[in-house]
Every structure is written in C-alpha cells, then in structure tokens.
Amino acid sequence: MQKLGVEVLSMSIDSMFVHKMWDDDELKKMVDGGVPFPMLSDAGGKVGKAYGVFDESAGVEARGRFIIDPDGVLQGFEVLTPPVGRNVNETIRQVQAFQLVRETGGAEATPSGWKPGKKTLKPGIDLVGKVWQEWKTDMAFD
Amino acid sequence: MAEESVGCARPTGGPVGEEVEEQVITEKTKVKEERAMLMVGQKVPDFAAPGYQQGKFVNVKLSDYLGKWVLLCFYPGDFTFV
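Protein sequence lines, in the order shown, are assigned to chains A and B. For the first sequence, the working numbering begins at 1 and goes up steadily by one. For the second sequence, the working numbering begins at 143 and goes up steadily by one.
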C-alpha cells in the first residue's frame, strides 16, 4: 500500500492502550518493527455507525474496508462478518484500478478481471455494442 | 497529526461535523439508522480518533488525508484471530 501511495488506517472499538499491547505482544512477531500505520480507537462505535459497520448487538465492528480517493470520495467498500479474513491482493488490485481510472480522467475503464498489464476499455461512442470484440469472457479470469 | 496526551480516561473519537441531534426513536427512525450504509461516489463522513502508531499515541483526523488515497479498515477487535 505504501508503494501505491495509499495511507492505511485501521479502526476497532479497542482502546489505543490495547492497540499498543497487541502490537507489542503479537503483531511485532508478524511484522518487523510492528504495524506501521495508525491503529485507531472507536470506543462506542460512533465512527463505525457512521460507516454502517457497527454491529449493535455484538458491540463490535465488522470487517469493513473502504477505499477513499484523494477528494475524500468513497470509491469502493467491502464488509465481511468476523470469521472470514480479507483478500489483500484484491484490495491492491482495486486500488490500482481506481488509480488508473483517475489518472486517465475516466478515459479508460477496467473491465471485469482486469489487473495491471491487462487491457483496459475506452468508453465512447465507438465502443457501444462492440465490447464483445474487445473483451472476451476468459479475460474475466486469471 | 497531533500527538495524543495520555490520561486515565479511555479516549475515543467520533464523526466530525454537526452534532447528531437527539432523536425520539420511532419505528421509522430505527429502520433508517439500521440501513445507514455509505454510497460509492459520495464523500465519506469525516472523523477524528485517537490511536497508536509506532510507539506513540496519536490523534488522526480523516480530512487531514485529503489529497491522498486512504484505505480505512474496520475489524472486530484486537487479539481476534483472522
């Protein structure tokens, strides 16, 4: 994410004191030097509520992941229940796709299955009804 | 980003902006609250929150990151397993 110029923020209902202990006791054993990004505290779940990820009955936040562009606009999100972890590769792919679209000012779009190096599409009048010539269903897969 | 001073109280953050009005909870407002999901293509709500980063307690305001791509990740809790 750092390579892509993306700032990561994590957030849970735990206090910043617990974040420190978690980083010290466990995460440093997984990541050299500990977690590099700010681990934020949302005790009470007020921010989580604003983002629609706070589970009132459990009192915790779901695995919500939000991609926010430099204008503060939400480009994509994913929310999972607690037992299933995220796919970081897919998040990286989506960030790369949103960055490409932004850099081209929307002149290029990334079709299903796109990843860096694969063909983009150029929306316009010439492409109407012609996507089948430019994009094949097997391109949706790796 | 401001460094957060540490006292005995457990600090927390919250959305930035207008105060949320106290509402009399009727069935209608309940449904509205439960369905409050953000829309893609819309601005996200700003917030400020205390946190921990690399040996320091910090206070982060989301709007300080304008001009940069941000990945905001919520999770159920520290020391959970996944």
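Just to be clear, a hint being listed does not mean it is correct.
[Stated by the list, open to error] Under 10 Å between C-beta atoms, here's a sample of chain A residues computed to sit facing chain B:
#1 16
#2 30
#3 50
#4 53
#5 67
#6 71
#7 76
#8 79
#9 100
#10 101
#11 105
#12 107
#13 108
#14 110
#15 128
#16 131
The hints are simulated quantities; they were obtained by calculation from the structure and are not laboratory data. Every value quoted in this text rests on a predicted model; they were computed, and no experiment measured them. From the three backbone atoms N, C-alpha and C, an ideal C-beta is built for every residue, glycine too.
Would you list, in rising numerical order, the hints stated earlier that this structure does not obey?
2, 9, 10, 11, 12, 13, 14, 15 and 16
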